[in-house]
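Undergrad: Here the structure of chain A is known, so what remains is to put chain B in place on it, guided by the hints.
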Amino acid sequence: MRPRWAAELGPALLRDILLVNVAIGIVGISYGAITVGQGLPVWLPNLMSVVVLGGASQFLFTGLLVAGASPVAAVAAGALVNARHLPFGFALADTVRRHPWLGSYLMIDEVVAFTLAQREESRRRATFWVCGVCLFVFWNLGSLIGALAGQAISDTDRWGLDAAFPAVLLALVLPALRERNVLKAAALGAVIAVVLTPVLPQGMAVLSSLLALLVLRPWRKGPRVADGTRPAPDVGPTEGGAPAEGSDAAEGGR
Amino acid sequence: MIDTTTLIASACVLGAATYAFRAVGPVLHTRLTIGETTRELMSTGATVLLVALCVTSTLFDGKEWADPARPIAIVVAGVLAWRRVPFLALVLVAAGVAAGIRMLT
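Protein chains in written order, with our numbering: chain A, -13 to 240; chain B, 17 to 121.
In case anyone wonders, no lab produced these hints; they're calculated from the structure. The structure displayed is predicted, hence computed values, not measured ones. No false leads were mixed into what you were given.
Chain B is faced by these chain A residues, among others (derived, beta-carbon under 7 Å):
1) F47
2) L66
3) A69
4) F76
5) A79
6) A149
7) P152
8) A157
9) V159
10) L160
11) A176
12) A179
13) S195
14) L199
Idealized CB from N, CA, C, for every residue including glycine.
This is chain A alone, in the form it adopts within the complex:
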């Protein structure tokens, strides 16, 4: 007989969860291979995947370290990327009520997106735990395989592995860039970073891209808010930037 959670989720949802997890595993493989290819130790991707469990922040952390940023700057930048998980916790507080400590650990973009897409509470709970545990397994397995593969390849540039890193980043952020305000801020930030790279200590240029937020002030949207009135929140938690970003990035892997 099938376990209760399998019956609760149904074959269609289980298949979707599995497909997304395979995509996550592939991202994990590229993460492991790229990190080791950039000259970091072979155990680092695995350690990061266990203690952090957040793809984009892990890429940013190792990328900044390789670019020569100080560890403090790399941690700060990684933490900023993961600050978007704060609202996830509030959105899923009810779902993980019985095991809040373990539940918080598994709160990853894709898991949150899948969970919030379910309406009934029992179905939500089953989705959260099944998807969360699967993601933990696939992400870590992927990182391990990738790290070992990256170690086996000696001349990474010859195989174009140096191009794989920015390509992965691009694939991860592109769904978010379809929004105009975000695209403008990102474009200005990229220009700032490129201009400053030759003159600033390494790694600082990337962090300077955040100046674009001060220049464009994307929180002041449109003429509606020109005289200080606050815009009405127009999106629910399921449609917010980060969860949608996660599910879109995952769709890219199908």
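TA: Coordinates of chain B only, in the frame set by chain A:
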């Protein structure tokens, strides 16, 4: 490069910070909500950082300009990503284009 202890410590601090962000909601379990504006700003900030890292790691090797094979590969990857080509294909094409150009030149 960075010594092992610092590397392990930084990874653990980032892990702890990440966990803290995720755990605030379930542990407080109050109906406190994060403002929409703050939430969007954090999400935009993360995207800005990732794009800046993508562009600089495409164009530079440290402070020197990278060889043109890498930027060309990333432009190709960008076009494919825009057309929603699967993730694995995109990464393989990017690496393949860069490797191919280097082999020919």
